[in-house]
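Undergrad: Top to bottom, those sequences are chains U and D.
When you read off a place in the first sequence, starting at 1, and then add 13, the result is the number in my numbering.
When you read off a place in the second sequence, starting at 1, and then add 19, the result is the number in my numbering.
Derived by calculation from the structure, the hints in this document are not laboratory data.
Heads up, the beta-carbon is just placed ideally off N, CA and C, and yes, glycines get one too.
One should not assume that every hint holds.
[Unchecked claim] Heads up, incomplete: computed chain U residues facing chain D, CB under 10 angstroms, no partners named:
(1) 244
(2) 245
(3) 304
[Claimed, not checked] No more than 30 angstroms apart at the CA atoms, straight line, and that leaves these computed lysine-lysine pairs for DSBU-like:
(4) D:33 - U:52
(5) D:312 - D:33
(6) U:402 - U:493
(7) D:407 - U:218
(8) D:407 - D:378
(9) D:265 - U:150
(10) D:257 - U:150
(11) U:52 - D:35
(12) U:218 - U:266
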Amino acid sequence: MLDRKSYTLYKFHKQLNQSFQDKRELLECALPALRNLFKLDRAYFFNWQQDRAMLSLRMMCTKEYCMDKQEDISVVNEPAFLKQLIQYGITETTDLSYPAVYALLKWQRPSMELRGGEVHTFMQDRVGVIRLERFRKGRAFTAQELDLIKALAQEISHNLRNTEIDQAKNQRLNVSTALNDLSTIFASSLRLNDGLELILKGVQKYFRFDRVRLYLTDAYGRRIKSILGVDVSGEVTHEDVPHMGEAEIELLKEVFEPSVTYRSHRTVFYIPLKVQRNKVGFLAFDNILSRRAIGYLDYISLQQFASQMALCIDNTRLFERVQELSNYDELTKLPVRRYFNEKFSEELYRAKRFDLNLSLMIMDIDFFKQINDTYGHQIGDWALQEVSKVVRGCLRQTDVPCRFGGDEMVIMLPRTNGEEAKLIAERLQERITAISLPTRFTEGKEVHLSISQGISSFPQDGTNADELLEKADRALYVVKQNGRGHYAVYREVAAQADQAEKK
Amino acid sequence: MILWVLPDAGDRSKEKYADFIARFKKENPSIDVSVRVFTRNILWRRMFTIKHPTYEEEIPDIIQIPHYWTALLVREGVAANLSELDPGLSLTNCLVPLKNHCYQPGTKDIYSYPWWFDVSALHYRPDHLKLVSSNPAKDLSTWNGLLKICAALREKFKDVPGYYPVQNSDWRGSLSMRHALPCVWGKGADLVSADFKNTSVGTRAFKEGLRAYINLALNDYMPILRERGSLGTMASGKASLILSRKQGSFNARRGVQIRTLPVPTTGTSSQAYLSGMNLFINTLSQEKKNALKFIKFCARPENQIAYASMIDAFPAFEDAFERVAFASPVRLQTYSNILASARTLPNITITGTIMEILKRILALCATQIVAGKFSASFLDKQLDGAAKEIQQLLSIYEG
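I would like the entire structure built from these sequences, with the hints used as guidance.
TA: Okay, structure coming up:
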C-alpha cells in the first residue's frame, strides 16, 4: 500500500504526465493542481534571476484563473531568506502578513553557443520559485504539508526540464523549416532583387523582427552600394546609397569587426555576408521599435543562413556579370548582335500580335575608316565610345541599340512609325555632329563626327527581321551615295526610286 | 470571438470582464466571447507578433490598448480601419482629449475606439494630514511641498512599523512613468517637441523632472520593489498618501476617509496625466462584424457607466461622463480642476517605444536605489543615451 505522500505524488505525477507545448502550459496545469491540493488562495511561479537578485513573476494562479505575467519584482531582498531557500529548498516567508511558502525549483534546459562558427549545445541550470499563499483564512502550513510541497516542487522541476527539452526541439525544428524554406526560395531565383525581397520578407515573418535590411557592399566592404529593406509595415524599400562619409566607415568597421559576438538585450544585430575573403554585404535586423531583445537561437540560425545567403548573392552577381559580358560589347557598352536579335524577335512578335508600329534604324560613322587610318585606332575607339554614349543617352528606355559590327550600329524603336523615327534620327544627328575629335590629335584642326542613318518600319517596309534590316540598309546606302551626314526612310527612298524609274 | 484585454481591475480583472461580457451576451446570445487577460508588457510584445501568427497561436479579434498605441498599430497594418467597416461610426460624442488618439495620424479614419479613461491624482488621509498640516491643499500643491509633508509624516509615524508616507500604487512596487510625467511636464519638458521632430528627454528640464519624482523613493518616502501585498496600505494606516489613477473609492469602501487633490507640480501649475483605453479590431480577424458590435456595445452610455464604475475609471463619451460626474458633487468639484489641466501622450508611432525606454530606465534606477548605489549622474547618463535612441527613432519613424 502507498502512504499518503507517495499516493499524492503519484496522482500529481499522473496529472502532469502529458506533453506540454511550453512552460506556460505546464504551469497552467501544475499551479491549479497545487491550489486544489493544499486549498490555496493563490499560487505564483517566478524565474529567479540570481545575478540581479530578482524574482521575475511569470504566472499567477488564483481560485478562478491563471494569469500570464511577465514583470520583474523583487520580493526577496533579504540574503538570509535566500540562503534558507537554497539550503532547504523550502521556506516560509516572513515578508508577508499571511501564511505563504516559497519552494525552490531547479532544472536544466538545453542551450547553445556559437564557438568558432560551430554550434555547441549544452544544458544550462535554471532556478525558479513557487510561492503558495493562504491569505483568506490565514491557515498556516503544517510540517507534513511543507514536506509534500518540497517533493512536488521536485516533480514540477523534472517536468520543467522535459518540457523545455521538447520546446527547444520544436523551436529548432521551426527555425530549420523556416531556413529551409528561405533557402529554397533563394536557390530557385536567379534574379537577385526578386530573390532578396522574398528572403527579407521571409526573415521578417519567421523571426518576427521589426525591420530587416540588406546592405550590399563592394567586394572590399569599403562602400555600401545599396540597401534593400522591409519595414515594420512589411513594405519593401530599395535605395542606392550615395557615399555616407564617416558614418559609413564606422558602420562597416563595426560590422566586419571579427570579434563581433552576440550580446543579450541588444535590439539591433548585423551579420556580415562574406564568401572566403570577399565581402558581399551585411544583414541588419532590428527590434528597436518593439524593444524586444533578439534571441540567441535566432541570431545563430541567421548567422548560419547568412553564409549560404552570401554564397547565393555572390553566385548571382557572377551570373549577372557573365550575362553582362556576353550580352554587351566591352568597348561601347551597347548590346551585342545576339542579344539584339533576341529582343528584336520578341518585339516584332509583339508588334504583329497587337498591331503595333516598330522601326529599325541602321547607322554608321561617316569616314570611320579614314579616322582610323589618319589618327590611329585609339582615336577610332574613342569616336565609337563617344557616339555610343550619345546613342545610349538619346534613346527611350524601351529602345534597344546594338553594336552590329565595326562602326555599324542598329537601333530598334518599338511603337514608333517612320515619322517618329525621323525625329529620333534628327536628334542623334544633331548631338553626334557636336562631337569633335580632340585637337591634340588633329594638329589643332576642328574635326567633327557625323553619321548616316537608314530607317525601315514595320509593317509598311517589311514583316520579318531580315526584310526590315535589308530595307534599312538600302536606305542607308542611298544616304551614303548622296553625300552622307543625313538620314533616310526606306519608303521615301523607294518612292523616289520608283518615280525616277517611271521618268 | 476572442478579446485580449489588460488587467483593468488587477487580480479581479477576469471576474469584472465576466460580468461585463454577461451583459453583452444577454443582447447577443449567439456570439461567444473568450477573454484573455495580459499584462501590458506581454500585450506590447504581442502587438509585434500578431501580424504573423504561428499555427499554434490564436488570433484575437478585439484588443484593448492604451490610447497612444494607435498610430503604431496603424503603421504596422495590424489595426483594421473602423471607418471602412462602418462608415457611420463617429467620434462626435467622444471626449475631446481622447479623439485624436483614435485616428490614423493626419487622417480622419478611425482605427481604434475609446472605451474608458483615468487620470492621475493625489489621494490623502485627512486624519493623518491634519497632524502635520493645517492646509493640505496648499501644502500639497507643489512637489517640494509634498516632500516636506512626507518628511513631517515620516517623523510623526516613526514608531509605526512598516509605515511609509506614500503608498506605492504600482502592484510590483516599481517606479512608474505615469506618475513621473506630471513632474516632467511641470518643468516644461516633454517626450517629444510639438512638431514631433525632436525629443527633450536628454534636456536639463526633463532630468530635473524625473529626479524630482525619484526623490520620493530615494528619500524612502515611498517603498519600491516590494509587492503591494507585502506592505501596509492607506486603509491599514501604514501610509498617508497615494498617487493613483483610481478615484479613491477603493479605500472609501473600507470606511477610511480619503480626499483627492491634483498631482503636486514641480513648476507653477499642476498637469495631470490622462490615459485612455481604446479597442481595435485585428485585421486578421474573421469576426469583424461581431467585433464591431462589441465595440459599439461598449460605447453605449449605460455600458460605459457600468464598466467604468466596475474598474473605478471614467467613461470616454460625453453623455456617460456627464452622468457620472454630476452624480457626485464632490467628485465633480475635485475632478473638474484635475481634468481641466490633464494632458495625454502624443499619438505617434514611437510613443509606446519611448515609454518602454523610460520604463526600463526607471526600473534600473529602482534597482540602484534598493542597492544603495543610485546617483544623479547615473540617471543623467541613462537619459542622454535614451535621448539619442529616441532621436534616431524619430528620424526613422516620422509621425
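Undergrad: Each hint: holds or not?
TA: Hints versus structure:
| no. | hint | result |
| --- | --- | --- |
| 1 | 244 | 9 angstroms, holds |
| 2 | 245 | 6 angstroms, holds |
| 3 | 304 | 5 angstroms, holds |
| 4 | D:33 - U:52 | 20 angstroms, holds |
| 5 | D:312 - D:33 | 21 angstroms, holds |
| 6 | U:402 - U:493 | 23 angstroms, holds |
| 7 | D:407 - U:218 | 28 angstroms, holds |
| 8 | D:407 - D:378 | 16 angstroms, holds |
| 9 | D:265 - U:150 | 28 angstroms, holds |
| 10 | D:257 - U:150 | 22 angstroms, holds |
| 11 | U:52 - D:35 | 24 angstroms, holds |
| 12 | U:218 - U:266 | 29 angstroms, holds |
Violated hints are absent here; each numbered hint is respected by the structure.
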